[in-house]
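Asker: Protein chains in written order, with my numbering: chain X, 1 to 87; chain B, 1 to 380.
If you're looking for bench data, these hints aren't it; they were derived computationally from the structure.
Being a predicted model, the structure only gives us computed values, none of them experimental.
Glycine is no exception: its CB is placed at the ideal position from the N, C-alpha and C atoms.
Honestly, I wouldn't trust all of these hints.
As the list claims (entries may be wrong) - Each computed DSBU-like pair below joins lysine-lysine, with the alpha-carbon atoms no more than 35 Å apart:
{"hint": "1", "chain 1": "B", "residue 1": "K198", "chain 2": "B", "residue 2": "K222"}
{"hint": "2", "chain 1": "X", "residue 1": "K52", "chain 2": "B", "residue 2": "K168"}
{"hint": "3", "chain 1": "B", "residue 1": "K168", "chain 2": "X", "residue 2": "K57"}
{"hint": "4", "chain 1": "B", "residue 1": "K246", "chain 2": "X", "residue 2": "K17"}
{"hint": "5", "chain 1": "X", "residue 1": "K60", "chain 2": "B", "residue 2": "K35"}
{"hint": "6", "chain 1": "B", "residue 1": "K236", "chain 2": "X", "residue 2": "K17"}
{"hint": "7", "chain 1": "B", "residue 1": "K29", "chain 2": "X", "residue 2": "K57"}
{"hint": "8", "chain 1": "B", "residue 1": "K72", "chain 2": "B", "residue 2": "K246"}
{"hint": "9", "chain 1": "X", "residue 1": "K2", "chain 2": "B", "residue 2": "K236"}
{"hint": "10", "chain 1": "X", "residue 1": "K17", "chain 2": "B", "residue 2": "K222"}
{"hint": "11", "chain 1": "B", "residue 1": "K236", "chain 2": "B", "residue 2": "K179"}
{"hint": "12", "chain 1": "X", "residue 1": "K57", "chain 2": "B", "residue 2": "K184"}
{"hint": "13", "chain 1": "B", "residue 1": "K64", "chain 2": "X", "residue 2": "K2"}
{"hint": "14", "chain 1": "X", "residue 1": "K60", "chain 2": "B", "residue 2": "K187"}
To be verified - According to the in silico footprint, chain B covers these stretches of chain X (three or more CB under 8 Å from chain B):
{"hint": "15", "stretch": "22-31"}
{"hint": "16", "stretch": "34-44"}
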Amino acid sequence: MKIVCRCEDITEEDIIKAIEEYGCETLAELKQLLRLGMGHCQGRTCLILAAKILARKTGKNLDEILPSFRPPVVPVEVGLVGGEDGK
Amino acid sequence: MESKADVVIVGAGINGCALAYELAKRGKKVVVCEKNYIAYGATGRCGAGIRQQWATKENALLAKKSVEIFEKLGDELGYDIGLRQGGYLIAIHDEEGLKQAKKNVEMQNSIGIPSRIISQDEIKEIAPILDPEGMEAIAATFCPTDGHANPFKTTYAYAKAAKKLGAKIYKFTEVKDIKVENGKVKKVITNRGEIETKYVVNSAGAWSRKIAEMVGIEMPNKPVRKEALVTEPLKKMFECMVISFKHGIYFSQQEEGQILGGIPSPEEKVGYYTQPTFSFLKHMAYMLGKYAPPLKHVRILRQWTGFYDVTPDALPILGETSIDGFIQCNGFSGHGFMIAPMVAKLLAQLICGEKLDMPIDRLSMERFKGKITEEKAVVG
Numbered sequence: 001m002k003i004v005c006r007c008e009d010i011t012e013e014d015i016i017k018a019i020e021e022y023g024c025e026t027l028a029e030l031k032q033l034l035r036l037g038m039g040h041c042q043g044r045t046c047l048i049l050a051a052k053i054l055a056r057k058t059g060k061n062l063d064e065i066l067p068s069f070r071p072p073v074v075p076v077e078v079g080l081v082g083g084e085d086g087k
Numbered sequence: 001m002e003s004k005a006d007v008v009i010v011g012a013g014i015n016g017c018a019l020a021y022e023l024a025k026r027g028k029k030v031v032v033c034e035k036n037y038i039a040y041g042a043t044g045r046c047g048a049g050i051r052q053q054w055a056t057k058e059n060a061l062l063a064k065k066s067v068e069i070f071e072k073l074g075d076e077l078g079y080d081i082g083l084r085q086g087g088y089l090i091a092i093h094d095e096e097g098l099k100q101a102k103k104n105v106e107m108q109n110s111i112g113i114p115s116r117i118i119s120q121d122e123i124k125e126i127a128p129i130l131d132p133e134g135m136e137a138i139a140a141t142f143c144p145t146d147g148h149a150n151p152f153k154t155t156y157a158y159a160k161a162a163k164k165l166g167a168k169i170y171k172f173t174e175v176k177d178i179k180v181e182n183g184k185v186k187k188v189i190t191n192r193g194e195i196e197t198k199y200v201v202n203s204a205g206a207w208s209r210k211i212a213e214m215v216g217i218e219m220p221n222k223p224v225r226k227e228a229l230v231t232e233p234l235k236k237m238f239e240c241m242v243i244s245f246k247h248g249i250y251f252s253q254q255e256e257g258q259i260l261g262g263i264p265s266p267e268e269k270v271g272y273y274t275q276p277t278f279s280f281l282k283h284m285a286y287m288l289g290k291y292a293p294p295l296k297h298v299r300i301l302r303q304w305t306g307f308y309d310v311t312p313d314a315l316p317i318l319g320e321t322s323i324d325g326f327i328q329c330n331g332f333s334g335h336g337f338m339i340a341p342m343v344a345k346l347l348a349q350l351i352c353g354e355k356l357d358m359p360i361d362r363l364s365m366e367r368f369k370g371k372i373t374e375e376k377a378v379v380g
């Protein structure tokens with residue numbers, strides 16, 4: 001058993017079943033059906049994993065499935081990213 | 001894609017999918033065209049409450065008959081719909097409200113809805129988390145058989161059962177035009193092909209007005225943006241939905257433990273504007289804290305918007321029109337989910353020429369020519 005969404009305890013099998021049995025083609029539909037990405041982290045961990053499963057099962061490109069991300073998503077300090085010595 | 005059908009349904013929300021099932025069950029060849037995905041619109045964004053406590057008899061009856069269907073629906077369709085009957089608790093704020101509530105309860109009881117007036121103490125007994133003072137409630141009405149079902153599960157259950165009976169549901173298929181010949185519906189034109197048909201059902205929710213324009217019918221419906229929020233999940237604290245007609249608030253604790261609710265926002269607008277607002281968040285959070293003070297410490301996970309398809313009297317528009325074969329199934333004004341099972345049954349009976357379980361003539365668009373009786377028991 002492979003856990004994909006840790007907040008809502010959703011497995012890879014759950015996602016594959018939703019795609020095969022319910023004809024889900026989009027992340028929005030998986031969200032409706034499984035509560036994928038609706039928990040505490042709001043999909044930061046699972047959406048990319050679920051999108052990869054969708055891409056594999058439906059033959060779509062990842063770009064067609066994923067919403068546009070604007071990193072870093074979680075606020076980080078400038079100094080932490082820039083580092084001390086520019087390397 | 002099918003080139004012919006008995007009935008083409010526009011919109012795969014709860015009403016479109018329920019009707020597809022009821023028609024397929026009666027042997028009709030049904031095609032549903034949905035421009036996005038199942039439950040994309042109001043159905044997938046709603047609080048999914050099931051309330052029988054209405055002020056007009058039309059709504060009360062539709063809701064009561066729907067509850068009877070909801071109670072057996074999981075078994076009938078073969079899929080779980082997540083039904084919970086924890087009741088609806090409706091705050092009463094003043095003497096005038098109490099007078100109206102007594103009238104409503106009397107009408108509801110006369111058709112077999114088990115609602116009753118309860119005291120401040122009983123409010124605390126039913127939901128200890130509530131603060132009658134903060135709610136400004138002198139009493140409330142309560143109906144134990146009201147409740148909630150999972151809107152996604154219910155819509156998918158109808159859709160799957162309909163498909164099993166031969167109905168076709170096409171997602172990402174937009175109706176571009178409807179051809180009428182000699183006053184009769186003839187053909188539906190979509191971005192994926194054309195379908196010849198005798199019946200078109202307009203169950204496009206907030207977009208119904210645009211579909212009706214395709215056959216030259218002007219509708220009074222307006223899309224009104226509504227917002228909702230959901231918190232982190234908590235252990236079970238209360239079973240009922242809490243609402244107020246005065247404050248417009250509604251909230252309940254869902255199956256998974258999260259608190260979900262909404263309230264009319266100061267920035268509420270007519271139109272298809274979907275951006276969530278901070279003013280809603282602030283107002284809802286404030287009122288939630290007044291109604292249930294312990295909830296002040298709970299974290300909000302997200303907020304979103306949806307549309308009510310609002311008619312001038314807040315009653316749905318159902319049934320036949322001046323165009324032969326063009327059937328209305330819209331204008332639900334924020335309570336389309338809870339009456340869908342009965343609406344679908346009645347429209348299927350109408351289309352199949354059967355005797356209707358209850359008359360729906362008063363819900364046709366013709367009523368707007370005369371004096372209208374407005375449904376006042378509206379929230380959200």
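Asker: Taking the hints in turn, state whether each one holds.
Answerer: To see whether the hints hold, each was checked on the structure:
| no. | hint | result |
| --- | --- | --- |
| 1 | K198(B) x K222(B) | holds (27 Å) |
| 2 | K52(X) x K168(B) | holds (28 Å) |
| 3 | K168(B) x K57(X) | holds (22 Å) |
| 4 | K246(B) x K17(X) | violated (45 Å) |
| 5 | K60(X) x K35(B) | holds (19 Å) |
| 6 | K236(B) x K17(X) | holds (29 Å) |
| 7 | K29(B) x K57(X) | holds (30 Å) |
| 8 | K72(B) x K246(B) | holds (33 Å) |
| 9 | K2(X) x K236(B) | holds (29 Å) |
| 10 | K17(X) x K222(B) | violated (38 Å) |
| 11 | K236(B) x K179(B) | violated (53 Å) |
| 12 | K57(X) x K184(B) | violated (43 Å) |
| 13 | K64(B) x K2(X) | violated (44 Å) |
| 14 | K60(X) x K187(B) | holds (32 Å) |
| 15 | 22-31 | holds (count 6) |
| 16 | 34-44 | holds (count 5) |
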